[in-house]
Amino acid sequence: MAGSESQVLSDAWHRLRRNRAAVVAAAILAAITLLALFAPALSPHPYDHTYWDKVSIAPTLSDGHLFGTDAVGRDLFVRTLHGGRISLLVGIAATLVSLLIGVGWGATAGYLGGRVDAVMMRIVDILYAIPFVFLVILLMVAFGRNILLIFIAIGAIKWLDMARIVRGQTLSLKRREFVEAAQAAGVSSFAIIRRHIVPNLLGVVAVYVTLTIPQVILIESFLSFLGLGVQEPSTSWGLLVADGAREMQNAPWMLLFPALFLAVTLFCFNFIGDGLRDALDPKDR
Amino acid sequence: MLAHSVKRVVGAVPTLFILITLAFFMMRLAPGGPFDAEKALAPEVQANLDRIYHLDEPLPAQYARYLGNVVRGDLGPSFQYQDWTVNELIARGLPVSLRLGVTALVLALLLGVTAGTLAALRQNAATDHAVMTAAMTGISIPNFVMAPLLILVFAVWLGWLPAGGWSGGALRNMLLPVVVLTLPLVAYIARLTRGSMIEVLRSDYIRTARAKGLPERTVVLRHALRPALLPVVSFLGPAIAALLSGSLVVEQIFGLPGIGRYFVQGALNRDYTLVMGVVIFYGSLVIVMNVIVDLVYAWLDPKVRY
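Here the protein sequences come in this chain order: S and F. Residues 1 to 285 in the working numbering are what the first sequence lists, from first letter to last. Residues 286 to 591 in the working numbering are what the second sequence lists, from first letter to last.
The hints are simulated quantities; they were obtained by calculation from the structure and are not laboratory data. Glycine is no exception: its CB is placed at the ideal position from the N, C-alpha and C atoms. Some hints here could point you the wrong way.
[As the list claims (entries may be wrong)] With beta-carbon atoms standing in for the labels, derived distance ranges: (1) G480(F) to A30(S): 28 to 34 Å; (2) D53(S) to A346(F): 58 to 64 Å; (3) P40(S) to A349(F): 25 to 31 Å; (4) Q183(S) to L585(F): 38 to 44 Å.
[As the list claims (entries may be wrong)] Calculated lysine to any residue pairs in the SDA-like style (CA-CA distance at most 20 Å, straight line): (5) K174(S) to L127(S); (6) K292(F) to I491(F); (7) K292(F) to A583(F); (8) K292(F) to M120(S); (9) K292(F) to V119(S); (10) K174(S) to I152(S); (11) K497(F) to L486(F); (12) K292(F) to A118(S); (13) K292(F) to V124(S); (14) K174(S) to V198(S); (15) K54(S) to P252(S); (16) K292(F) to Y128(S); (17) K54(S) to E247(S); (18) K54(S) to V198(S); (19) K497(F) to R507(F); (20) K174(S) to M121(S); (21) K292(F) to D125(S); (22) K54(S) to P44(S); (23) K54(S) to A71(S); (24) K174(S) to P199(S); (25) K174(S) to G186(S); (26) K292(F) to M121(S); (27) K292(F) to E247(S); (28) K292(F) to R246(S); (29) K292(F) to Y582(F); (30) K292(F) to I192(S); (31) K54(S) to R246(S); (32) K292(F) to I577(F); (33) K174(S) to A129(S); (34) K174(S) to I192(S).
Could you build the full structure based on these sequences and the hints that come with them?
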């Protein structure tokens with residue numbers, strides 16, 4: 001049993017490594033993540049320090065202002081990477097929130113089945129029809145704009161897809177021999193879900209996580225762009241793009257660098273997600 | 286069929302109810318009222334304001350009043366735009382938003398279905414790869430990045446098109462906003478069409494049609510297209526939701542006087558009733574459109590029988 005399971009995974013791994021787009025995307029993403037992590041160490045300039053004598057200077061190699069400075073004289077290279085750190089953090093944290101709720105909800109509904117399943121999935125159906133982006137904006141208006149709230153709110157909307165996918169997988173998993181064996185041995189439902197169902201959901205969940213992170217980054221950037229997300233002096237890619245859009249006549253670099261980082265990151269996540277899906281489910285293509 | 290339709294329509298009621306309830310309590314449980322100003326108001330002014338807007342009543346009474354008003358289609362007065370009701374503001378912005386949205390949706394369907402079908406017919410050939418790469422680009426570049434980039438190139442650098450403004454909906458003013466709204470939808474629709482078209486083209490009845498010696502054109506347009514469009518139909522619901530949230534960005538950045546602009550301004554100014562009203566209006570629109578799309582799907586798909 002375990003043998004064939006790991007065989008599937010290692011086949012998938014081989015297929016993924018042959019997918020050049022996905023491999024390149026992963027490498028670029030790793031580079032962006034490392035840059036964002038070590039941003040402060042890479043540049044002599046703090047992200048929130050204003051150089052009054054160097055407002056809106058174009059990208060230059062001297063002084064270490066690689067991407068130039070913004071309209072109030074802050075180093076754009078450090079700000080872009082700092083923004084990336086916030087965007088990636090929100091993306092990953094909110095996805096984890098959605099992962100926890102979604103996997104718990106979906107696995108429970110799928111495993112218990114019957115009326116519990118019907119009620120739980122009906123709730124998902126009802127919530128699914130609500131356009132939550134608008135409610136998240138409402139939440140930001142009502143409770144002020146802080147990062148913690150942003151990723152809890154986004155995580156709380158994104159779990160619905162996860163719950164549906166996980167439930168579907170669980171329904172097929174629970175008829176497998178090793179689950180029946182555990183049931184026959186008298187293991188409790190909770191322990192079976194935790195020990196036997198959830199670990200076997202890994203492949204599907206991995207694909208879904210790589211596709212959810214960019215969606216979350218997008219929502220966060222969207223909110224920040226509208227001025228309803230991350231607040232100054234902290235920043236995120238969405239906020240930097242908004243600042244850049246205001247200054248693009250005089251200082252187009254303020255728009256171009258953050259926009260490039262954001263678009264490339266979203267690109268990479270989408271390529272990796274698609275690659276993983278093709279690798280795990282070779283029927284298509 | 287009729288029973289199914291009734292069931293779907295009734296099924297939307299709890300969703301609408303939850304939407305309104307969530308919106309109401311989020312706003313009312315928020316720290317600080319809508320009239321919190323830098324300078325404290327005189328107590329009697331505060332009391333008068335509270336009375337006029339019924340903020341002095343207990344929460345359940347306020348909730349019942351609001352729910353009753355919403356059911357009757359009255360979203361209340363705007364806090365920020367004095368002398369305007371939320372209904373009037375929505376009515377004022379609607380023509381602009383509607384015109385943008387409908388144009389974008391129609392264009393997206395035409396271009397997306399065409400590109401997806403062409404890609405499917407030349408699966409794994411150069412056309413296919415080109416369409417799919419373009420689609421990935423369309424999906425990956427968010428509208429709030431696309432919009433300023435297009436303005437930078439076509440308005441600032443080339444000077445061909447205005448950077449913003451509505452001018453009564455002139456073509457020149459509509460062009461960039463519509464492109465920004467359309468591109469991501471074209472991308473999704475092309476991907477969906479390609480996927481389902483490939484599947485449909487492999488099916489037995491298509492092989493039969495080809496074996497009969499029908500021209501490829503007839504096979505694709507008369508036999509394959511309709512079933513291949515089913516996933517596109519079910520994507521219309523999310524597409525409309527995407528258009529509405531996209532309109533927030535587009536109307537804001539191009540300075541177009543639509544509902545989305547009022548909404549964003551309202552959100553930044555903490556205009557509670559306006560924000561709540563637009564959320565409920567847009568939310569209801571999405572929910573109702575989803576029901577309609579479901580019914581159309583059931584009507585189109587011979588496999589769905591109730």
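Quick rundown of the hints versus the structure:
Distance hint for G480(F) and A30(S): a CB-CB separation of about 30 Å, consistent with the stated range 28 to 34 Å. Checked against the given bound of 58 to 64 Å, the beta carbons of D53(S) and A346(F), roughly 60 Å apart, stay inside it. The beta-carbon spacing between P40(S) and A349(F), approximately 54 Å, falls outside the hinted interval of 25 to 31 Å. A hinted range of 38 to 44 Å holds for the C-beta pair Q183(S) and L585(F), which are about 43 Å apart.
The straight-line distance between the Cα atoms of K174(S) and L127(S) is roughly 26 Å, outside the 20 Å bound, and the hint therefore fails. Under the criterion of a C-alpha separation no larger than 20 Å, the hint pairing K292(F) with I491(F) is inconsistent with the structure, at around 35 Å. This hinted pair checks out: K292(F) and A583(F) have alpha carbons roughly 13 Å apart, not beyond 20 Å. The straight-line distance between the Cα atoms of K292(F) and M120(S) is roughly 19 Å, inside the 20 Å bound, and the hint therefore holds.
Pair hint K292(F) plus V119(S) holds up; C-alpha atoms about 17 Å apart against a cutoff of 20 Å. For the hint linking K174(S) to I152(S), the alpha-carbon distance of about 31 Å lies beyond 20 Å, and the restraint is violated. Restraint check for K497(F) and L486(F): satisfied, since their Cα atoms lie roughly 15 Å apart, inside the 20 Å limit. For the hint linking K292(F) to A118(S), the alpha-carbon distance of about 16 Å falls within 20 Å, and the restraint holds.
Pair hint K292(F) plus V124(S) holds up; C-alpha atoms about 17 Å apart against a cutoff of 20 Å. Of the pairs offered as hints, the one joining K174(S) and V198(S) holds, with about 11 Å between alpha carbons and a cut-off of 20 Å not exceeded. A threshold of 20 Å between alpha carbons decides the hint, and for K54(S) with P252(S) the separation of about 16 Å falls inside it, so the pair holds. A hinted pair counts as satisfied when its Cα atoms are at most 20 Å apart, and K292(F) with Y128(S) qualifies at roughly 17 Å.
For the hint pairing K54(S) with E247(S), the CA-to-CA distance comes to about 15 Å; that is within 20 Å, so the pair holds. The suggested pairing of K54(S) with V198(S) is violated, with an alpha-carbon distance near 54 Å, which exceeds 20 Å. A hinted pair counts as satisfied when its Cα atoms are at most 20 Å apart, and K497(F) with R507(F) qualifies at roughly 14 Å. At most 20 Å may separate the alpha-carbon atoms for a hinted pair to count; K174(S) and M121(S) meet this at roughly 17 Å.
Restraint check for K292(F) and D125(S): satisfied, since their Cα atoms lie roughly 14 Å apart, inside the 20 Å limit. At roughly 15 Å between alpha-carbon atoms, K54(S) and P44(S) fall within 20 Å of each other, so this suggested pair holds. Distance restraint check for K54(S) and A71(S): the Cα-Cα separation of roughly 9 Å lies within the 20 Å cut-off, and the hinted pair is therefore satisfied. With a C-alpha separation of about 13 Å, the suggested pairing of K174(S) with P199(S) holds against the 20 Å cut-off.
For the suggested pair K174(S) and G186(S), the alpha carbons sit about 15 Å apart, so the restraint of at most 20 Å is met. With a CA separation close to 17 Å, the supplied pair K292(F) and M121(S) stays within the 20 Å bound. Taking the CA atoms of K292(F) and E247(S), the gap is about 52 Å. The hint is violated against a cut of 20 Å. A threshold of 20 Å between alpha carbons decides the hint, and for K292(F) with R246(S) the separation of about 49 Å lies outside it, so the pair is violated.
Distance restraint check for K292(F) and Y582(F): the Cα-Cα separation of roughly 15 Å lies within the 20 Å cut-off, and the hinted pair is therefore satisfied. Taken as a hint, the K292(F) and I192(S) pair is broken in the structure, with Cα atoms around 37 Å apart against an allowance of 20 Å. Restraint check for K54(S) and R246(S): satisfied, since their Cα atoms lie roughly 18 Å apart, inside the 20 Å limit. For the given pair, K292(F) sits about 12 Å from I577(F) by alpha-carbon distance, which is consistent with the 20 Å threshold.
Proposed proximity of K174(S) and A129(S) is contradicted: the alpha carbons are some 29 Å apart, above 20 Å. Taken as a hint, the K174(S) and I192(S) pair is honoured in the structure, with Cα atoms around 9 Å apart against an allowance of 20 Å.
Checked against the numbered hints given earlier, this structure breaks hints 3, 5, 6, 10, 18, 27, 28, 30, 33; the rest are met.
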